[in-house]
Amino acid sequence: MTEVLQARGVAKRFGGIIAVRGVDLAVRDGELLGLFGPNGAGKTTMFNLIAGAILPDAGQVLLHGSDITREPAWRRARLGIARSFQIVRPFRDLSVLENLLAAVPAGGQANDTTSALALLRRVGLETRAHDAAGDLTLGMLKRLEVARALAVGPRLLLLDEPLAGLAGQEATDLLRTVQALKGRMAIVMVEHNVRLALPLCDRAVVMDAGAVLAEGTPEQIRRDPAVIRAYLGSEAA
Amino acid sequence: MSDAMIARAAPRASRRADTLGLVVATIALAGLGIALPALGVSGYVRTLVYYGAFYLALGQAWNIMSGLTGYLSFAHGALAGIGAYGLVIAMNADWPMGASLAAAGGAAVLASLIIGATSLRLRGAAFTFATLFFQELMLLAVRKLPFAGGPGGLVLEQILPEWIAYVGMILLAAVATIGFALLRRSRLGIRVLAIKGDEDAAASIGIAATRLKLVLFCVSALVAGLAGAVHALFTASLYPDVAFSVDLSLIALAVPLIGGVATASGPALGALLYVGLREVLQLFAPSAHLTILGLLLLAVVLFMRDGIGPTLARLLRRAR
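These protein sequence lines map, in sequence, to chains Z and B.
Just so you know, we're using the numbering used here here: the first sequence kicks off at 2 and counts up by one.
Just so you know, we're using the numbering used here here: the second sequence kicks off at 13 and counts up by one.
Think of the hints as simulated: they come from the structure by calculation, not from any bench.
Keep in mind that a hint or two might mislead.
Said to hold, decoys possible - Taking CB as the label site, the calculated pair distances span:
1) Z/ASN40 <-> B/ASP210: 32 to 38 Å
2) Z/ASP25 <-> B/LEU149: 32 to 38 Å
3) Z/HIS65 <-> B/SER26: 51 to 57 Å
4) B/PHE141 <-> Z/ASP113: 36 to 42 Å
5) B/ARG135 <-> Z/THR173: 24 to 30 Å
6) Z/GLY184 <-> B/ARG135: 49 to 55 Å
7) B/LEU122 <-> Z/ASP113: 20 to 26 Å
8) B/ASP210 <-> Z/THR128: 36 to 42 Å
9) B/ALA129 <-> Z/HIS193: 52 to 58 Å
As the list claims (entries may be wrong) - Not close to chain Z: a few residues of chain B, all C-beta gaps over 10 Å, as computed:
10) LEU51
11) ILE126
12) VAL179
13) ILE202
14) LEU205
15) ALA206
16) ALA214
17) SER216
18) ALA221
19) ASP259
As the list claims (entries may be wrong) - With the C-beta cut set under 10 Å, the calculated list includes, among others, these residues of chain B facing chain Z:
20) ARG203
21) ASP212
22) ARG223
No residue lacks a Cβ here, since even glycine has one placed at the ideal position from N, Cα and C.
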């Protein structure tokens, strides 16, 4: 299976704190990779380093073998890396549809209204297309962010804690949306809720103290003694 | 067509109708304004219409950059001043009027590139401070530059018929208003509003914010520079303290903020209110018109964040 993204020895320091210390990571075409870890493990920093929101102090990030380490976020989006945000960041004054129409797709061809509406249908928001994005509930905004990221036409989709703040039906709806995207593109999902998210993953990486602690299938991760000790604890036991 | 499809199509159709209505109204009003001299209206009314068009053009110039992106400029008066000086220097060097207007617009664009390239990479107040600094720097520089006439200013050597500036300013204001309406509706306009909403989120969907802001600032400076150049044809004499006074920068931002920021019709309402108010105040409080403008602006910002136009439209919709 070809690798969409590779991180090689990526490191990032914030003042005196080493957030990520020389991490190697590979994301394969069509897989859903879960990125887990306790608070402060460095998973969000790693996520932001891949998205280009911050640049690493050392190491390399490769997209389909091309070095994108110093590329800004907007250029990475045009190369096919799209993301959602942990705390939703919709364009509140634009309509739901305009949130998608604003995207500059990776191919360079602007999305037309029909394809943007089709994306909204995929996340169950087509009836809200002309409402102001600021009027949506949190669950809808999370799905809007997924649709907005898809409007880029990504080869790699980065989901930053998509379940944060959601419960019950809203969490189920979002998981269903992610499930439906599986296999169509590579997905990296950072998630705190291991119980709900791990079963969805093809592979998972667990980070702790800025380094990779374990890597493998969901089953291997569940049984890994280091992971159980460091993070899953009684939840996995 | 299903009900759902009709419901989806309706807002787009209504927005298109709004834009079309605005374009038709702008052309009609510009035509009426241009026809006024032939209808025998007094010179006083013509002057009011001229100043309304001047402030509208300047207000739209400010609206293109600051209204859409949220990056506040205090330099639009100075950009108009550069346009004015550019035109007079070029025409006094016997350049044809068209080439002189192009030089005036070009000089303003060049100035905007210098301000923008140094400050638009940064977020927050960097751009606002850069524009304030530029406004003051231009005043000091023009007072010292010998080819700009020093503190005594410059006089346009050619004597031109009054209608050229009158028609020119109305046309510029109309083109800027229609251009703004089309830009606001376009994909580019949506992307710029996305930048205003959240620059990181905009970058995450491929929007090159710095580049786009710089392009908008250049377009905005072009309109401001041309407004200043046409105004130089009208006044025919330039004094640095007037051409680079911060007053004009305040008017450029007050007109859209009062009438309706980031809308095409807002600056028209703002310009109308400002010119009307100024005339009334000339009678009752001749030296206090900027103070009162400031108070009006403060009241609008405090109680009608989007400006008078959008607030009235909202109230009307609610009343229905």
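Hints, one by one, checked against the model:
1. Z/ASN40 <-> B/ASP210: 32 to 38 Å: violated (25 Å)
2. Z/ASP25 <-> B/LEU149: 32 to 38 Å: violated (51 Å)
3. Z/HIS65 <-> B/SER26: 51 to 57 Å: violated (44 Å)
4. B/PHE141 <-> Z/ASP113: 36 to 42 Å: holds (41 Å)
5. B/ARG135 <-> Z/THR173: 24 to 30 Å: violated (38 Å)
6. Z/GLY184 <-> B/ARG135: 49 to 55 Å: violated (38 Å)
7. B/LEU122 <-> Z/ASP113: 20 to 26 Å: violated (37 Å)
8. B/ASP210 <-> Z/THR128: 36 to 42 Å: violated (24 Å)
9. B/ALA129 <-> Z/HIS193: 52 to 58 Å: The hint (52 to 58 Å, Cβ to Cβ) is violated, given that B/ALA129 and Z/HIS193 are roughly 42 Å apart.
10. LEU51: Correct as stated: the minimum Cβ-Cβ distance to chain Z is 42 Å, above 10 Å.
11. ILE126: holds (23 Å)
12. VAL179: holds (37 Å)
13. ILE202: Violated, because the least Cβ-Cβ distance between B/ILE202 and chain Z comes to about 5 Å, which does not exceed 10 Å.
14. LEU205: Since the minimum Cβ distance to chain Z is about 6 Å, B/LEU205 lies within 10 Å and the statement is violated.
15. ALA206: violated (4 Å)
16. ALA214: Given that some Cβ of chain Z is not farther than 10 Å from that of B/ALA214, nearest at about 7 Å, it is violated.
17. SER216: The claim breaks: B/SER216 does not keep its Cβ more than 10 Å from every Cβ of chain Z (closest is about 5 Å).
18. ALA221: The claim breaks: B/ALA221 does not keep its Cβ more than 10 Å from every Cβ of chain Z (closest is about 7 Å).
19. ASP259: Nearest chain Z Cβ is 31 Å from B/ASP259, so the label holds.
20. ARG203: holds (5 Å)
21. ASP212: Status holds, d = 7 Å.
22. ARG223: holds (9 Å)
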